[in-house]
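Asker: Here's the letter readout for the chains.
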Amino acid sequence: NAGVMQNPRHLVRRRGQEARLRCSPMKGHSHVYWYRQLPEEGLKFMVYLQKENIIDESGMPKERFSAEFPKEGPSILRIQQVVRGDSAAYFCASSQDRGRGTQYFGPGTRLTVL
Amino acid sequence: GENVEQHPSTLSVQEGDSAVIKCTYSDSASNYFPWYKQELGKRPQLIIDIRSNVGEKKDQRIAVTLNKTAKHFSLHITETQPEDSAVYFCAASINGEGFKTIFGAGTRLFVKA
Chain A
1 NAGVMQNPRH LVRRRGQEAR LRCSPMKGHS HVYWYRQLPE EGLKFMVYLQ KENIIDESGM
61 PKERFSAEFP KEGPSILRIQ QVVRGDSAAY FCASSQDRGR GTQYFGPGTR LTVL
Chain B
1 GENVEQHPST LSVQEGDSAV IKCTYSDSAS NYFPWYKQEL GKRPQLIIDI RSNVGEKKDQ
61 RIAVTLNKTA KHFSLHITET QPEDSAVYFC AASINGEGFK TIFGAGTRLF VKA
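Chains A and B are the protein sequences, given in the same order. The opening residue of the first sequence carries number 1 in our numbering; numbering runs sequentially from there. The opening residue of the second sequence carries number 1 in our numbering; numbering runs sequentially from there.
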């Protein structure tokens, strides 16, 4: 009965490189959410996805950031040409189908941009 | 869109005392209010939640109250222990509308032994 899985747990990138963060939802969950958390701050919503669909990306920066949740495999948050300001903890959460909206969080990926 | 405000940002209590964290929300359509606890370097973990059809819910030392008219909800922790020290986040969402959840800014709770 595995919970939400995220990898890698820690990721170091140099400015200009690409970062790929992966999230596998809990078994039976088809809704995935990505949040960003800066040190000493709260959780900022980025994007909400269902399988093969982006439902709400209103919290995601218009440039360099993209997310997907393919039919097979984990959800991926991709950050191109990373900058120092992208350094943060990125949490993924998942929930069951419509009607059961409780979100369960993964352990997070801590991205450091040098 | 929904906006959730949380107070206080920092709370320090003596072990054994009670702690109360308050949140307000703006969207009257919100109907689900979870609370999460986040220890340093760890993931947010759900500790209790309440839906809009009830006014209060209790689980051992933790209770949550909801006032839909005033659009505010509160977390109450009684008989606090040092292990309760963490950051607590309230949140509000509208079930059935994509489950978009808006979080408060968090309350850092210190329980002094």
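There may be inaccurate statements among the hints.
[Unchecked claim] With a cut-off of at most 35 Å between alpha-carbon atoms, the simulated DSBU-like pairs for lysine-lysine come out as follows:
| # | chain 1 | residue 1 | chain 2 | residue 2 |
| --- | --- | --- | --- | --- |
| 1 | A | K62 | B | K42 |
| 2 | A | K27 | A | K44 |
| 3 | A | K44 | B | K100 |
| 4 | B | K100 | B | K71 |
| 5 | B | K112 | A | K27 |
Worth flagging that the hints you see were computed from the coordinates, not collected in a lab. Only a predicted model underlies this, so the values are computations on that prediction, with no experimental measurement involved.
Asker: Which hints from the list above does the structure break, by number from lowest to highest?
Answerer: 5
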